[in-house]
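Each chain, letter by letter, is given below.
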Amino acid sequence: MSSDFSELSFGEAVFRLRKQKEWTVRDLIARIADRGGKVSPAYITRIEQYGEIPSPEMILTLAEVFQVDGEKLLQQAKKIKVQTFEKGLGEKYQKAIAQFRTQRKKTWDRSL
Amino acid sequence: MGQVAVARSTRPRSIKALAASYVDQYIAEKKWKSLQDIRLDIQDLYEMILYPEHEYRMISGVPLGYHEDEKVLGKTIPDEKLILIDDSISPPHRDPRHVSTAAHEWGHAIFHAGRTELFRCSKRQVFDASEDLERQANSFFEHLLMPDDLVKAQFYECYQPTTPFRYLGRRDYYFNAFGGSRRLLIDSYTEFCRALAYPLTPYFSRVSKSSLGLKFHKLGLVQNFTSERIFAETTHIGYIIREMQQ
Numbered sequence: 001m002s003s004d005f006s007e008l009s010f011g012e013a014v015f016r017l018r019k020q021k022e023w024t025v026r027d028l029i030a031r032i033a034d035r036g037g038k039v040s041p042a043y044i045t046r047i048e049q050y051g052e053i054p055s056p057e058m059i060l061t062l063a064e065v066f067q068v069d070g071e072k073l074l075q076q077a078k079k080i081k082v083q084t085f086e087k088g089l090g091e092k093y094q095k096a097i098a099q100f101r102t103q104r105k106k107t108w109d110r111s112l
Numbered sequence: 113m114g115q116v117a118v119a120r121s122t123r124p125r126s127i128k129a130l131a132a133s134y135v136d137q138y139i140a141e142k143k144w145k146s147l148q149d150i151r152l153d154i155q156d157l158y159e160m161i162l163y164p165e166h167e168y169r170m171i172s173g174v175p176l177g178y179h180e181d182e183k184v185l186g187k188t189i190p191d192e193k194l195i196l197i198d199d200s201i202s203p204p205h206r207d208p209r210h211v212s213t214a215a216h217e218w219g220h221a222i223f224h225a226g227r228t229e230l231f232r233c234s235k236r237q238v239f240d241a242s243e244d245l246e247r248q249a250n251s252f253f254e255h256l257l258m259p260d261d262l263v264k265a266q267f268y269e270c271y272q273p274t275t276p277f278r279y280l281g282r283r284d285y286y287f288n289a290f291g292g293s294r295r296l297l298i299d300s301y302t303e304f305c306r307a308l309a310y311p312l313t314p315y316f317s318r319v320s321k322s323s324l325g326l327k328f329h330k331l332g333l334v335q336n337f338t339s340e341r342i343f344a345e346t347t348h349i350g351y352i353i354r355e356m357q358q
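Residue numbers (this note's numbering), protein chains in the order written: chain G, 1 to 112; chain S, 113 to 358.
Chain G on its own, in the form it takes in the complex:
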């Protein structure tokens, strides 16, 4: 089942799985609580809407709740985490270069 969601972001996948089961957020929280997890509604919002990646234990609990392959869900989360990290790294690199250039220009102007 989770193979259908491999193209989506993690939050979107959780959202669609929840919609398939026709659960509300509170239902999902109740089911996670049955398996010993403790989450707040705000946490589910952040996962679904702001792309927050939960801990591996929580991902496995979610997979158990939704009755999907936990390994695939973990892999997907990992992929997204690596992607966001690389994207952030690229942005930081660009910023560093820009800063270096402005600094160099300043020193050049001062020397004139």
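Think of the hints as simulated: they come from the structure by calculation, not from any bench.
Glycine residues also receive a C-beta, built at the ideal position from the N, C-alpha and C atoms.
Relax, there's no trap hidden among the hints.
Within a straight-line C-alpha distance of at most 30 angstroms, the following computed DSSO-like cross-link-like pairs (lysine-lysine) qualify:
#1 G:Lys78 to G:Lys38
#2 G:Lys38 to S:Lys143
#3 S:Lys193 to G:Lys79
#4 S:Lys193 to G:Lys81
Not everything, but these chain G residues come out facing chain S in the computed CB check (under 10 angstroms):
#5 Phe15
#6 Thr24
#7 Val25
#8 Ile29
#9 Ser40
#10 Ile44
#11 Arg46
With chain G fixed as given, assemble chain S onto it according to the hints.
Quick look at chain S alone, frame taken from chain G:
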């Protein structure tokens, strides 16, 4: 599941009661005990209460363009359960318009969910509130972010007045708030209300000073001893003038 169905059927009808129930829920979940702790925040309210309850997505920074020659600030699409906020408005905590627009759109999303049309809210539509729907949405915004009891409590906590504040025309006024004092030359009743609202906006999700000042006026915390009308000089808040006349 049965409990949920019962809760929905017995949902309070009035806008004020519903907004108050959300605020109570929010304060209970935050586990705030004293008055000083309570700080309403639209983003937190969205994450903790509004999204789990209604599942509307809220996206800011979307170019919404113009509709009938007016800038569209917010848009609600009930079919797709989506709230959009224009990119001319800065992110939350920077721009008070973000707070008011978001809360206004939430009002549409909650009270007009069954409708098929989409709501495009321009500045004139929001502030004029000539239509009932816009007025309902504004009312939701008011009661969600500025609950009567909380505004009164914070006002008394901050200023500790023995009598209501009186505006007596153009002159110097002293404002004592949180142990500090400042003297200001006040020109108009509007400015008087805004100066009083200034130290208290952080408690109410950083709504604009004008909104909070108007709330003070509505609650009778401030009294006008002149013939001036509140917000008469700012034309875009025409709805306030209309409400005063009623």
